[in-house]
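> Going line by line, the protein sequences match chains A and B. If you count the first sequence from 1, position 523 lands on 523 in UniProt numbering, and the numbers rise without skipping. If you count the second sequence from 1, position 238 lands on 238 in UniProt numbering, and the numbers rise without skipping.
Source of the hints: derived by calculation from the structure; they are not laboratory data. Mixed in with the good hints there might be a few duds.
Copies of the same chain look alike in the list, so a pair counts if it fits in one copy or across any two.
With a Cα cut of at most 30 Å, we get these calculated DSBU-like pairs of lysine-lysine [as the list claims (entries may be wrong)]:
1. K124 with K60
2. K463 with K279
3. K491 with K125
4. K393 with K123
5. K123 with K222
6. K513 with K393
7. K61 with K257
8. K123 with K253
9. K463 with K60
10. K253 with K76
11. K304 with K192
12. K259 with K60
13. K382 with K61
14. K79 with K513
15. K308 with K382
16. K552 with K463
17. K463 with K253
18. K408 with K393
19. K259 with K59
20. K192 with K450
21. K124 with K257
22. K412 with K396
23. K491 with K144
None of the values given here were measured: they were computed from a predicted structure.
Number of protein chains: 2
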Amino acid sequence: MSGYRFYERASRAYYSNPRLYQLLVVCSVSGGGLLAISDQNSPIRSAFADAGYNADIKKKKVVVLGTGWAGTSFLKNLKDPSYDVKIVSPRNYFAFTPLLPSVTNGTVESRSIVEPIRSIVRKKKFDVYFKEAECYKIDTENRKVYCRSTQQNNLGGVEEFTVDYDYLVIAMGARSNTFNTPGVVEHAHFLKEVEDAQRIRRTVIDCFERASLPSVSEEEKKRILHFVVVGGGPTGVEFAAELHDFVNEDLAKLYPKLKEHVRITLLEAGDHILNMFDKRITVFAEEKFARDGIDVKVGSMVTKVAEKEICTKERSTGQTVSIPYGMVVWSTGIGTRPVVMDFMKQIGQTNRRVLATDEWLRVEGCDNIYALGDCATINQRKVMEDISAIFSKADKNNTGHLKVDDFKEVIKDICERYPQVEIHLKKKQLKNFLQLLKNSDANDELNIEKFKLALSEVDTQMKNLPATAQVAAQQGTYLADCFNRMELCEKYPEGPLRFRGTGRHRFRPFRYKHLGQFAPLGGEQTAAQLPGDWVSIGHSSQWLWYSVYASKQVSWRTRYLVVSDWGRRFVFGRDSSRI
Amino acid sequence: MSGYRFYERASRAYYSNPRLYQLLVVCSVSGGGLLAISDQNSPIRSAFADAGYNADIKKKKVVVLGTGWAGTSFLKNLKDPSYDVKIVSPRNYFAFTPLLPSVTNGTVESRSIVEPIRSIVRKKKFDVYFKEAECYKIDTENRKVYCRSTQQNNLGGVEEFTVDYDYLVIAMGARSNTFNTPGVVEHAHFLKEVEDAQRIRRTVIDCFERASLPSVSEEEKKRILHFVVVGGGPTGVEFAAELHDFVNEDLAKLYPKLKEHVRITLLEAGDHILNMFDKRITVFAEEKFARDGIDVKVGSMVTKVAEKEICTKERSTGQTVSIPYGMVVWSTGIGTRPVVMDFMKQIGQTNRRVLATDEWLRVEGCDNIYALGDCATINQRKVMEDISAIFSKADKNNTGHLKVDDFKEVIKDICERYPQVEIHLKKKQLKNFLQLLKNSDANDELNIEKFKLALSEVDTQMKNLPATAQVAAQQGTYLADCFNRMELCEKYPEGPLRFRGTGRHRFRPFRYKHLGQFAPLGGEQTAAQLPGDWVSIGHSSQWLWYSVYASKQVSWRTRYLVVSDWGRRFVFGRDSSRI
Numbered sequence: 001m002s003g004y005r006f007y008e009r010a011s012r013a014y015y016s017n018p019r020l021y022q023l024l025v026v027c028s029v030s031g032g033g034l035l036a037i038s039d040q041n042s043p044i045r046s047a048f049a050d051a052g053y054n055a056d057i058k059k060k061k062v063v064v065l066g067t068g069w070a071g072t073s074f075l076k077n078l079k080d081p082s083y084d085v086k087i088v089s090p091r092n093y094f095a096f097t098p099l100l101p102s103v104t105n106g107t108v109e110s111r112s113i114v115e116p117i118r119s120i121v122r123k124k125k126f127d128v129y130f131k132e133a134e135c136y137k138i139d140t141e142n143r144k145v146y147c148r149s150t151q152q153n154n155l156g157g158v159e160e161f162t163v164d165y166d167y168l169v170i171a172m173g174a175r176s177n178t179f180n181t182p183g184v185v186e187h188a189h190f191l192k193e194v195e196d197a198q199r200i201r202r203t204v205i206d207c208f209e210r211a212s213l214p215s216v217s218e219e220e221k222k223r224i225l226h227f228v229v230v231g232g233g234p235t236g237v238e239f240a241a242e243l244h245d246f247v248n249e250d251l252a253k254l255y256p257k258l259k260e261h262v263r264i265t266l267l268e269a270g271d272h273i274l275n276m277f278d279k280r281i282t283v284f285a286e287e288k289f290a291r292d293g294i295d296v297k298v299g300s301m302v303t304k305v306a307e308k309e310i311c312t313k314e315r316s317t318g319q320t321v322s323i324p325y326g327m328v329v330w331s332t333g334i335g336t337r338p339v340v341m342d343f344m345k346q347i348g349q350t351n352r353r354v355l356a357t358d359e360w361l362r363v364e365g366c367d368n369i370y371a372l373g374d375c376a377t378i379n380q381r382k383v384m385e386d387i388s389a390i391f392s393k394a395d396k397n398n399t400g401h402l403k404v405d406d407f408k409e410v411i412k413d414i415c416e417r418y419p420q421v422e423i424h425l426k427k428k429q430l431k432n433f434l435q436l437l438k439n440s441d442a443n444d445e446l447n448i449e450k451f452k453l454a455l456s457e458v459d460t461q462m463k464n465l466p467a468t469a470q471v472a473a474q475q476g477t478y479l480a481d482c483f484n485r486m487e488l489c490e491k492y493p494e495g496p497l498r499f500r501g502t503g504r505h506r507f508r509p510f511r512y513k514h515l516g517q518f519a520p521l522g523g524e525q526t527a528a529q530l531p532g533d534w535v536s537i538g539h540s541s542q543w544l545w546y547s548v549y550a551s552k553q554v555s556w557r558t559r560y561l562v563v564s565d566w567g568r569r570f571v572f573g574r575d576s577s578r579i
Numbered sequence: 001m002s003g004y005r006f007y008e009r010a011s012r013a014y015y016s017n018p019r020l021y022q023l024l025v026v027c028s029v030s031g032g033g034l035l036a037i038s039d040q041n042s043p044i045r046s047a048f049a050d051a052g053y054n055a056d057i058k059k060k061k062v063v064v065l066g067t068g069w070a071g072t073s074f075l076k077n078l079k080d081p082s083y084d085v086k087i088v089s090p091r092n093y094f095a096f097t098p099l100l101p102s103v104t105n106g107t108v109e110s111r112s113i114v115e116p117i118r119s120i121v122r123k124k125k126f127d128v129y130f131k132e133a134e135c136y137k138i139d140t141e142n143r144k145v146y147c148r149s150t151q152q153n154n155l156g157g158v159e160e161f162t163v164d165y166d167y168l169v170i171a172m173g174a175r176s177n178t179f180n181t182p183g184v185v186e187h188a189h190f191l192k193e194v195e196d197a198q199r200i201r202r203t204v205i206d207c208f209e210r211a212s213l214p215s216v217s218e219e220e221k222k223r224i225l226h227f228v229v230v231g232g233g234p235t236g237v238e239f240a241a242e243l244h245d246f247v248n249e250d251l252a253k254l255y256p257k258l259k260e261h262v263r264i265t266l267l268e269a270g271d272h273i274l275n276m277f278d279k280r281i282t283v284f285a286e287e288k289f290a291r292d293g294i295d296v297k298v299g300s301m302v303t304k305v306a307e308k309e310i311c312t313k314e315r316s317t318g319q320t321v322s323i324p325y326g327m328v329v330w331s332t333g334i335g336t337r338p339v340v341m342d343f344m345k346q347i348g349q350t351n352r353r354v355l356a357t358d359e360w361l362r363v364e365g366c367d368n369i370y371a372l373g374d375c376a377t378i379n380q381r382k383v384m385e386d387i388s389a390i391f392s393k394a395d396k397n398n399t400g401h402l403k404v405d406d407f408k409e410v411i412k413d414i415c416e417r418y419p420q421v422e423i424h425l426k427k428k429q430l431k432n433f434l435q436l437l438k439n440s441d442a443n444d445e446l447n448i449e450k451f452k453l454a455l456s457e458v459d460t461q462m463k464n465l466p467a468t469a470q471v472a473a474q475q476g477t478y479l480a481d482c483f484n485r486m487e488l489c490e491k492y493p494e495g496p497l498r499f500r501g502t503g504r505h506r507f508r509p510f511r512y513k514h515l516g517q518f519a520p521l522g523g524e525q526t527a528a529q530l531p532g533d534w535v536s537i538g539h540s541s542q543w544l545w546y547s548v549y550a551s552k553q554v555s556w557r558t559r560y561l562v563v564s565d566w567g568r569r570f571v572f573g574r575d576s577s578r579i
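The following block holds chain A by itself, in its conformation from the complex (with noise of 0.2 Å):
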């Protein structure tokens, strides 16, 4: 589409000067785009748009609540044009989030890391419908959602609509978790939006400036330049060795009586930072953050943030501190959005902390509701409650003793459907299943009691899919696929066999593929922690961290934005202007 636009705004600029016209035939010929030099109402384009009005009347209604990852990858992944699309969300564009901390100080641009979500929909062949506001209240009867707009000016009253689906997807994130500690919302920085990123950008120069002034003194200054990360998380980690590089590298040369002062606090209420990863990595970054004077302070239970100090409660002594600070970053995890938990109550998941969806991403309850992304978590089932059901399946003859061999033909649709038997079966070191049976029993018959007994430890691997833009993305390409095979699935079901009823299932499960995660350490280093339990940290990884940021980029514009950004920073350093 870019190359479209470049030539679409040549060919503006050409013609108005139609000397050069000839060049532009040569160099599109050449380049073999003279098919792109056309206005956007060219027959191909209204043909598409004349289809998708006429066929509005029999359309199927999807709405989709967000524009985060989940959100964005199923809109990107949708080709289907037989779905009236609505979106809606607050923000009118996707946000890459992982880049969010390198954001927070200037090593890549907000702008560089955001794409109109609208732009992102319009090379789609069908009409996407984007509408900027908040949905406030889900309505499952009527199978309508009530939105606002969240705009805040002078350009009038609340505009308030609902919309009307036939399937809903919600991915509308999950907000920022404070555990209640009293003061947090009030004084403390989060990490979740870019909004966010750019107000901890200015806070930090405005920490700096502060501590210029002539009238703080030094107590007040080593006060202002004390930055305190809560959590340590990818996400705290790789904001507090940003900051430390920010520092190091750019503020001490323009503020170098201050450099002295400055100190960077990272509270962990665990054992460890970085605990969801690997235990070298966890000692490499804790080593590393030794090294470069970042204070880590694990066994640390914030207990409340006021306005100058933070409270932490030390594990190992039991007693309380309080830490004065300049600027407290909090990211400590995720909460449910108020707007689910009245979902929740509604359709009944009432003791649960997250939105339940079955392993097709339907929300539990509610057949046309989709949930995916941090909003919603997999209520994997188990195969303990399913035992009987599964032995009655293969025991086709009803006799309650089957041979080992018996269970070939359901084993396939087994391990789709429970996806803790293959991770089992991977940790024991067994070849398949049938081994699995086998072991339990030297004899080669089994009843309902053994099939149990070998299948008993199963259950224990199973494991919530991790908060990551990894997890909404896979989860928002795999729905669009369920949607544009819809039609053919309902015919042809390709998953696996319903064990309590008859049939298949139309799709095969989600299955989450884990591709490795990142975590930046600052001074030009990453640890890196793979697929297969494959360790790398140092600079080698930090390329690798360049390289697949690059190429996740959502657009092109956003690609060359961030990659520009990374080579202006090398050349240049980071911006400390407060705007």
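We have chain A already, so just place chain B on it with the hints.
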């Protein structure tokens, strides 16, 4: 310096990878830059710094208020290390304001036109201190300025302090002038600061998003998408043109159904837009805007801005008209800041609208206070005020009668002291001053009355300098030059004769050199009025505009960013994410 930083970064990267060190040496030697690979504590740098510190006691204290065009250009050109310089400004950066209209719609990013003042003055060989604060009072008696921090966050109470000065340079700029029109401050956007431009950009997107909501009526859509620009000066005209381009080149594609509703109106109280330009430019601009569909209303005086409508009085009909709008941008001229007003009262300049300085930029009535840029005007001395003194100076023997040739000795001084003389000569197409005297009388002898008659029309040529970046920058350079040669010129004054006193003025008075002015009109067309009334309109001027604006950037970083922003816009268009 950017070269130095590049090497420094490169050296850091290469040191950690010793195998590449050889390559670095080769590159550096071939580039002649080996010396650049030294760290910040190199002996050369330290020597300067030490010299600075030791000499602190005798140093004259210079306080600069403001980091706009005037202040920054003064600081950039100040080279004499015998001053102790302190800068006080609420903005810790310099902004390239002529590109603000481009920032309002993302042709150029806001970050690309700002440069931290600390990084500008860091290149000095002496210490310059910056304080992010606003000056709220000038105490001329005790030679002190009272300052306070402008930060509004949780960093603690209001910081107040005073700064002593020996020389004070007031370069605080001006504020937008509302002419006390009710509702302007509450409902209109100004376009003076970077934050204003960012806010306008967000509001334009807000208008489009709001108009896209299903609950908004057709009439309301028209109102929301009506953009009103008040003031037909270069800023207002450029903003209207840029907005038109943004809507037509970028937003029309993303909001195809809204394009027909968009309306841009330019209100001008005078008879024509761009009335400070050549008539040809005005006509071209008005015709181009008419073709583009930008509604130019001349003779339209805004009387009130309400929440959703703007009221104007039409000069032609005398009627009051009320126009519904979505966004108003107010760009009608500048007014004096309250702190400058207070200062004027204090020094007795009570019956003036703007702070007056003499031709050496010294505030009238204050020997050690200078004012430059938009906050002051030069109160050009009239020839007629000094006419007797001039005559006496030439009439060495006190005869009361002088031959024209007797003036030869003082001609240079007269022309230097009273710039209006040269303008008058040029206008009358006279070769030199003697001709002016000769013209007045065939007789070769003059008495005081005839001399007065000859010069009687000269003072009508006096004009205030326009409030432009060009004037401010030239004044800053001029004043820095004076400061650099203060001691030298004290001994060997280089200015014109003091007609009313004895001896000579220390410095030549400030003389503005007009280098031309641009008025970008959108669609890659710019009107340029160059010295000698040379007018150029069209695409070629646009390229001239690009090159001038690129070359005038304050640093290589901003130059690179601005140019790459232009390129990015050409290829990818402007971003419409609401951040």
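> Against this structure, judge whether each hint is valid.
Status of the hints after comparison with the structure:
1. In this assembly of identical chains, K124 and K60 lie within 30 Å of each other by CA distance solely inside one copy; the values are 17 Å within and 67 Å between copies.
2. In this homomeric assembly, K463 and K279 come within 30 Å of each other (Cα to Cα) only inside a single copy, at 19 Å, whereas the closest approach across copies is 76 Å.
3. For the homomeric pair K491 and K125, the shortest alpha-carbon distance inside one copy (25 Å) is at most 30 Å, but the shortest distance between copies (80 Å) is not.
4. For the homomeric pair K393 and K123, neither the shortest alpha-carbon distance inside one copy (46 Å) nor that between copies (80 Å) is at most 30 Å.
5. For the identical chains of this complex, K123 and K222 are inter-copy neighbours only, at 27 Å across copies versus 52 Å inside a copy, given an alpha-carbon limit of 30 Å.
6. For the identical chains of this complex, K513 and K393 are intra-copy neighbours only, at 29 Å inside a copy versus 94 Å across copies, given an alpha-carbon limit of 30 Å.
7. Taking the closest pair of Cα atoms, K61 and K257 come within 30 Å of each other only across two copies (20 Å); inside a single copy the shortest separation is 61 Å, beyond that limit.
8. When the C-alpha separation of K123 and K253 is checked against a cutoff of 30 Å, the pair qualifies only between copies, where the shortest distance is 11 Å, while the shortest distance within a copy is 46 Å.
9. Taking CA atoms no more than 30 Å apart as the test, K463 paired with K60 passes in neither setting, with 34 Å inside one copy and 71 Å between copies.
10. Taking the shortest Cα distances, K253 and K76 sit within 30 Å of each other only across copies (18 Å), while inside one copy they are farther apart (44 Å).
11. In this homomeric assembly, K304 and K192 come within 30 Å of each other (Cα to Cα) only inside a single copy, at 21 Å, whereas the closest approach across copies is 41 Å.
12. For the identical chains of this complex, K259 and K60 are inter-copy neighbours only, at 28 Å across copies versus 60 Å inside a copy, given an alpha-carbon limit of 30 Å.
13. In this assembly of identical chains, the alpha carbons of K382 and K61 never lie at most 30 Å apart, being 33 Å within a copy and 78 Å across copies at closest.
14. Taking the shortest alpha-carbon separations for K79 and K513, only the intra-copy value of 22 Å comes in at or below 30 Å, while the best inter-copy value is 62 Å.
15. Taking identical chains as interchangeable, the C-alpha atoms of K308 and K382 are never at most 30 Å apart, the minima being 49 Å within one chain and 59 Å between chains.
16. Taking the closest pair of Cα atoms, K552 and K463 come within 30 Å of each other only inside a single copy of the chain (26 Å); across copies the shortest separation is 59 Å, beyond that limit.
17. Neither within a single protomer nor between protomers do K463 and K253 lie at most 30 Å apart by alpha-carbon distance, with minima of 47 Å and 45 Å respectively.
18. For the homomeric pair K408 and K393, the shortest alpha-carbon distance inside one copy (12 Å) is at most 30 Å, but the shortest distance between copies (120 Å) is not.
19. In the homo-oligomer, the alpha carbons of K259 and K59 lie at most 30 Å apart only across protomers (26 Å), although the nearest pairing inside one protomer, at 62 Å, exceeds that limit.
20. Taking the closest pair of Cα atoms, K192 and K450 never come within 30 Å of each other, the shortest separation being 49 Å inside a single copy and 80 Å across copies.
21. Taking identical chains as interchangeable, the C-alpha atoms of K124 and K257 lie at most 30 Å apart only when they sit on different chains, with a minimum of 17 Å there against 55 Å within one chain.
22. Taking the shortest Cα distances, K412 and K396 sit within 30 Å of each other inside one copy (17 Å), while across copies they are farther apart (118 Å).
23. When the C-alpha separation of K491 and K144 is checked against a cutoff of 30 Å, the pair qualifies only within one copy, where the shortest distance is 28 Å, while the shortest distance between copies is 86 Å.
Checked against the numbered hints listed earlier, the structure breaks hints 4, 9, 13, 15, 17, 20; every other hint is satisfied.
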